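Undergrad: As a plain string of letters, each chain reads:
Protein chains: 2
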Amino acid sequence: MKVVKFGGSSLASGAQFQKVIEIINADPDRRVVVVSAPGKRNDADTKVTDLLIKYAKHPDRKTIVEEIWARYQEIADFFQVPAELLQPLKSELENLPQQNYSNSDFLLAAFKAHGEKINAQLLTIILQEQNKPAEFFDPEKSGLIVTNNPHDAHVLPQTYDRLADFQNPNKILVVPGFYGRSEDGEIATFSRGGSDITGAIMAKGLHADLYENFTDVDAVFAVNPQLVKNPIPIKLMTYRELRELSYTGFSVFHDEALIPTIEAQIPINVKNTNHPDLPGTLVVPEKDFKPQHTITGVASSKHFSALYLHRYMLNKEVGFTLKLLEIFYKYNISYEHMPSGIDDLTVIFDQNQFNGDLREQMCEEIRATLGPDRLEWIDDYAIIMVVGEGMRNKIGVLKRIVDPLAQANIGIHMINQGASRISIMLGTKQADASTAVKKIYQQFFESKE
Amino acid sequence: MKVVKFGGSSLASGAQFQKVIEIINADPDRRVVVVSAPGKRNDADTKVTDLLIKYAKHPDRKTIVEEIWARYQEIADFFQVPAELLQPLKSELENLPQQNYSNSDFLLAAFKAHGEKINAQLLTIILQEQNKPAEFFDPEKSGLIVTNNPHDAHVLPQTYDRLADFQNPNKILVVPGFYGRSEDGEIATFSRGGSDITGAIMAKGLHADLYENFTDVDAVFAVNPQLVKNPIPIKLMTYRELRELSYTGFSVFHDEALIPTIEAQIPINVKNTNHPDLPGTLVVPEKDFKPQHTITGVASSKHFSALYLHRYMLNKEVGFTLKLLEIFYKYNISYEHMPSGIDDLTVIFDQNQFNGDLREQMCEEIRATLGPDRLEWIDDYAIIMVVGEGMRNKIGVLKRIVDPLAQANIGIHMINQGASRISIMLGTKQADASTAVKKIYQQFFESKE
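Listed in order, the protein sequences are those of chains A and B. Numbers 883 to 1331, taken from this note's numbering, label the letters of the first sequence in order. Numbers 883 to 1331, taken from this note's numbering, label the letters of the second sequence in order.
FYI, nobody ran anything at the bench for these hints, they're computed from the structure. Note that this is a predicted model, so its numbers are computed, not measured. Errors might be hidden in some of the hints.
Intra- or inter-copy, both count: the list cannot distinguish identical chains.
As the list claims (entries may be wrong) - Listed next, the in silico DSBU-like pairs over lysine-lysine satisfying Cα-Cα at most 35 Å (straight line): (1) K922 / K901; (2) K944 / K884; (3) K1169 / K1281; (4) K1117 / K1311; (5) K1276 / K1205; (6) K1205 / K972; (7) K1205 / K1169; (8) K1311 / K1281.
Okay, chain A solo, but in the shape it has when bound (with noise of 0.2 Å):
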């Protein structure tokens, strides 16, 4: 049994539903489809989930339930589904604002849950028409329970227990992404882009042997294809390859969907909608992969900040790092990397989490608590990942990735080597990032190994 996940673009309209369908029809096996909200069917078009979330600032203008409403129409409309069938689902997205909710976060959350809700009931209705044993799952009613956070909710294990009940589905379930129900019993969502989850959750509690994930692109590339004109496809890589990708950007694959599959070590194919022929990519438990190059990919981020600590003696101090990171944790921020040397320390942050004096007050108190002899922030700082299974224990790769950034001139700030064995990460200046990425891809996938 596969569980297949479509994503916004592929049930972005009606034309597009219609190659979801075919995709459904084409194998028996296909019996959870897992759906998104409407996405973006051009880019100056705007993505349902962000009408709803216009809609729950502003519950009575009516002219935002209009344009909401007229995109599942134009759905509708291509499969010419009778009105009488459509109006329990404009009812549930014009009374939206009458039902209650324990507060305003809890509101936003069940306004955009309604994105992937009334989609999955509205692909529900059209397999039915066309006759297919399609079911909309409800994830409120059948028990997708999860944490009380409103929109950055985690799946509970009792979830598990209660899908043992769906297993080997004698019909189609059509569930919608995004969402379940609060142990309080509202609506809750996923961090943004969780429909993956949801895929990944029935996934793991069906117990299915394949969960398709289908999107807009052909397949996970070895590199950014804005960088590199056709790069190579990845036509097989391991959940730790692709997390250690999308830790840089490649945004593919939601990151926590990656952990239900895991658990279940169930193979994740990502394909697209546009092209389902393509074998697109398929991501695999360690045991089953046999590295076809030396490097499965390669990635770079440039959103970081370094801070660097020079002390004597540092290292000789039990608790300097200690002292350090409960000053991280006191003001709540999280630290990416901290190469050490003897004397020195540096520690690299995502960028985004430090605004206004932040950033200067958490220095201002690692300098009364630690008195290092240097302080230093850094904020042109870009980490490049390189990643493959199949480096492991190879030897010369290290020198195949610094050779050629040797001779584009390009200076290595940092490089972290050590702590996973599939990937190497190194430091540059933010401008020298994408000509680094490029050279490295050109050095493993386009020259003589």
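Knowing the structure of chain A, use the given hints to seat chain B on it.
TA: Showing chain B alone in chain A's frame:
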């Protein structure tokens, strides 16, 4: 004014004493002389400090006292020192067991310190006999005040107030190294090799222009002479470089001795008592340094172990490393480095901290508290340090380091650059470490840049 410190081998015999006296006489600026206890005269010899440790444990064994005194007598005979001048020193040695000590640790500290104390008094007598204006500087009376740790004391700030009285000495002060008076009035020693520390304290306290550290090697070398024949001597280096190289076994100068010299920004000249005409190695503040080579030195050390931890989403947990460090703190374990991946962490430890069940207990607690997906302990770990102010911001250094290692088929487990801008740290198997050091040395010092 110069502070001159002589190591144990420089004062191991009458003949060596003669060289020391010639060095003192050669420069009227050498007005503070710090002495160690007599060291080994040959490989089979025993250091006086080690004999004193035996004496402290068996205070009734006359043969040990005789063996110790014989060392001083040999030196005195070389200079034909009259017996009546020696009698007080001999009595002081013989009467050591009769003094009061608050406990056996302070007893041992006092016994050990007398290796230096008697040697300094003996040198004073010899200089005076040669009509030099020498005077014994008594750390107990003159106020070299240290903490109450009998064997690992640290200098206290009031020492420097006291030392101000001794500025611009018009005599030659002969200072026994290695010990001071504890706050409670007893003798307490620095850690082993601590005469370097006394020299540094005197240099700072008396505002010396230069701290000359005489030992038995011509210079600090760019690589261990046991690995490479006739390596190039380092003529000029910075405090930081010395510190980084000391970390991996460049043991010419005591780690802690650097602090007072850095605080007072006094250059250190490491010289050879046996070839005082050679320039030796000058260690200077960063501002006085112009790099002559890209790297200054390379060294390795093999006594490391690594702990590898893997857990999905590890870097999303603000408190993960904090909890880990709290466990280390509880077990009083200090870590050396902690390179991190996205979902992994490697922690590198000094192997010598672990004995018996400690390691297993600690790992068990880490398992129970942090629940990693994987925990691995790796015992075969060597660290290589490549050090040089000259590689700061220089592009291509990393390439030149990893190139020869790849050619020699050496796997790099870990690489850590970024904290200290003047060093790159590599992890290899212990069996590969010496070859790696040799190859890196050859790359930077024997091939054309």
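Undergrad: Hint by hint, note whether the structure agrees.
TA: Hint check results:
{"no.": "1", "hint": "K922 / K901", "verdict": "within (16 Å within a copy, 87 Å between copies)"}
{"no.": "2", "hint": "K944 / K884", "verdict": "neither (40 Å within a copy, 89 Å between copies)"}
{"no.": "3", "hint": "K1169 / K1281", "verdict": "both (28 Å within a copy, 33 Å between copies)"}
{"no.": "4", "hint": "K1117 / K1311", "verdict": "both (31 Å within a copy, 34 Å between copies)"}
{"no.": "5", "hint": "K1276 / K1205", "verdict": "between (38 Å within a copy, 33 Å between copies)"}
{"no.": "6", "hint": "K1205 / K972", "verdict": "neither (57 Å within a copy, 51 Å between copies)"}
{"no.": "7", "hint": "K1205 / K1169", "verdict": "between (40 Å within a copy, 31 Å between copies)"}
{"no.": "8", "hint": "K1311 / K1281", "verdict": "both (20 Å within a copy, 18 Å between copies)"}
In the structure shown, a violation is registered for the earlier hints numbered 2, 6, in ascending order.
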